[in-house]
Amino acid sequence: MGGLSKKAYQVEQHRNSTTPVLNLDAGNLLFRNKPLPGQEYQSRANAEGIVNAYNLMAYDGVGVGGLDLAGGLAFLEFLAERSSFPWLSANLTRKSSGKRVFRAYHIRQVGSIAVGIIGLTGSKAAEYLTTDDAVILPWQEVLPKFVAELVRSCDMIILLSDNALQANEEIAQAVPDIDLIMQASAMAGNLPAMQVGNSLVTQTGRQGKFLGRLTIVWSKSGIWGTDTYRNAFTPLDTDLPDHPQVMKIVEETKARVNKPGNLVQDFTGDGRAIPPFVGWNTCAGCHEKQAAFWQTTRHAGAYRTLVAARQEYNIDCLPCHVTFLRINSDTPESLRTKLPQLPASMQQVGCEMCHGAGEKHVGTGDGRSITRLAGESTCRTCHTPARNDDFNYGEYLKKICCPANK
Amino acid sequence: MITLQQLRRIAVALLSAIVVCGCFSPVFSSQSGSQEILVLYSNDVLGETEPCG
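Note that the protein sequences, when read in sequence, are chains P and A.
Numbering-wise, the numbering used here puts 266 at position 266 of the first sequence, and it's gapless, one number per residue.
Each position in the second sequence, counted from 1, maps to that position plus 406 in the numbering used here.
These aren't lab readings, by the way, just hints derived from the structure by calculation.
If you're wondering where the values come from, they're calculated on a predicted model, not measured in any experiment.
Incorrect hints may appear among the rest.
[Said to hold, decoys possible] Label pairs and their in silico Cβ distance ranges:
1. A/GLY439 <-> P/TYR396: 32 to 38 Å
2. P/GLU77 <-> A/GLY439: 41 to 47 Å
3. P/THR215 <-> A/VAL418: 31 to 37 Å
4. P/VAL217 <-> A/ARG414: 33 to 39 Å
5. P/SER84 <-> A/LEU410: 28 to 34 Å
6. A/VAL418 <-> P/ILE107: 39 to 45 Å
The C-beta atom is built at its ideal place from N, Cα and C for all residues, glycine as well.
Isolated chain A (complex conformation) (with noise of 0.2 Å):
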């Protein structure tokens, strides 16, 4: 049998676990609204001394 206190202490966990996954969750995230990603870039590959030595 589940005390009142017991269920309380299980409702303060999870809500903990779940705003904390929400603060440190790289993606998307509906409190904020906001996602982040990293864009890699480049161009012109071939460098002018390569691949003489």
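So that you can see chain P by itself, here it is in the shape it has in the complex (with noise of 0.2 Å):
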């Protein structure tokens, strides 16, 4: 959520310039995935400081995408509670009384154009409900009579919607009266406006990395043309300037999700590596030259970066900065909940998250039972597309690939 300050700053100049702004969100801002059992806490924590910063942003509408559902249905009604701006659904309802859970859609007047906001929450969100009680209706059941119901009092109807592109393409052609789909689907990149039929489609990439401008020249006629739009997109850069009181609000949250009572239960370590790891000081025990090469890699000062950015309790950043198992939903909570206390022999990318865990190699000193050189998928783990958008394996290997023996 680091870009919340970069964003909010951008808004804030946009705002201040003579062109009336709208300012919109298409969803899926709350969570990255379902929060594991005991990570609860710090994903709520985030969500809420999100909520806080879209407050003072002043959102004209924001749609309900299925990843805003992953904290639960209940907690997004209370989070709803607490916002400033309208959570949008025209689909998500109530299997009980038939009535939906958030407003269909929402009008809002900039400068002399009434703008209708519908939202639409994809089916691919059922699997986030935890109720029962709730269900997404097909967009053929709601939209058609939404949009009908704002034809008659707006000039311009946008639909933010958390489907995926070819599914906005149906929903173009089939209900024409949309005039710009806003999407909030899992696209990597950033998608420029394109026509379809009578509406330009378009979204921002994943990761909220940048910030969609659309400049729109509107004319009754409501008529897609060259002339009529302009589209750019602004990288929210760390070099770009922060919002004073969004940056606070992320500092405060960053101080919440770290604290590890909240996080864990009462762990009490005796300082030796978890099975079935041994922890690199073992390891060096034998491998005295490669241990030495290893600590002047930026794997071994890994778990530093998380105490230096106040983060070494947080359970999402930790995998990637330590030697432990790879944490998902298979895990045993026994095991989960020990990630953010683990001893100092794990506090780092050690030997065993390229060569596997050692127990088996240190019990035998069998050189079959340890994984000499870690191919590029083990890398890929952390070095995500995402991460490290310039990694290249064979350089990276350089970096931090263990002298031989002779």
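Put the two chains together into one complex, using the hints given.
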């Protein structure tokens, strides 16, 4: 959420200009995935921080995406009560009452234009619904009706859609009164505005790294042409100015996330590595030369960077900064809760993250029970395109490959 | 007493001001029948490496 303060600054600058501004988010902003047991507090603290920041940015409408439901529907309703902007979903409905959980649409006057903003939750969001009393209706059942209502009082209709491009293209063809579709799909890059039927479809890429800007010269005809819009994306780079108040929210949220007592049960380790790991110092007993080299690599200091950022208890960050199991939904809670309180010999990306856990190797001395050279897939577990878009296996291997014994 | 020439000058100045404002005003112009607005948009706020450092 570090880009929030950059985005807030940009939004404020645009609001200070003379052109009327509409500030929208298509959704999927609160969670990265469904929080694992033990991780809920941290994930929810992040989500609350985002809502607080969005309140300051005076959003005009936010779509309910599947990932916004990943903390539970009740939690999103809790946040919606604390949001000064409308959460919109025309199709998330309670089975028992048949009523929508959130508002279907919101009308906003922008300059001389009445803009109707509708939210649509994607069909895949059903996997995040933890209650049997909620259902995501097909867009065919809801959109034509709500759009027909909006056409009577609005000049322009915008859909915030959690669906993928293909579904949105179908919507654009089937409901031609929608003028603009803003997506929140899992698309990696930006989607420049493209015309589909009477609609423009656009999206910013994943992870909030860009702010989309669509300047519209709107006429009563409502017909798109090359001279009726300009589209650009502002990269929210680290060198951009921060919005001081939103920056304060981000810092407070980070501090809240990084409280160990909120994350883990009591764990009293004896200082030894947790099997099947043995810790780098055990490896160094026989592989002194290699261990000395490893100490000079960034892998050895990976945990220290978390401490410097005050995120050493952040379960989202820890797996790529320590020597431990890859945490997933199959990991027993007894092991998962140890992640933030590992012994010192595991507080690095140690030997065993490349060569595999060493317990068997140490017990038998058998060289076949250890991986000599980590394959690219091992590195890619952490060096994902999102984190390291310039990652090159061969080049990076040179930086961390241990010297031979001879 | 305002002369006819002065009146003409005032009228020309007023008309010019109206035309200039109509051309450069970013808000709705009834002459062109169009309105310029800026839509800011985003999604998926959580950056994968944030706030790990």
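Could you check the hint for me, namely that P/VAL217 and A/ARG414 are 33 to 39 Å apart, CB to CB?
holds, 36 Å
A/VAL418 and P/THR215 - C-beta distance against the hinted 31 to 37 Å
Taking Cβ atoms as reference, P/THR215 and A/VAL418 lie about 34 Å apart, which means the hint holds.
P/GLU77 and A/GLY439, beta-carbon distance inside 41 to 47 Å?
Given range 41 to 47 Å: holds, Cβ gap about 43 Å.
Is the distance from the Cβ of A/VAL418 to the Cβ of P/ILE107 consistent with 39 to 45 Å?
Once the Cβ atoms are compared, 43 Å apart, the range 39 to 45 Å for P/ILE107 and A/VAL418 holds.
Could you see if the CB distance from A/GLY439 to P/TYR396 stays within 32 to 38 Å?
Check failed, 58 Å falls outside 32 to 38 Å.
I want to verify a distance hint. Is the separation of the beta carbons of P/SER84 and A/LEU410 within 28 to 34 Å?
violated, 59 Å
Hint compliance for this structure: hints 1, 5 are not met, and every other hint is.
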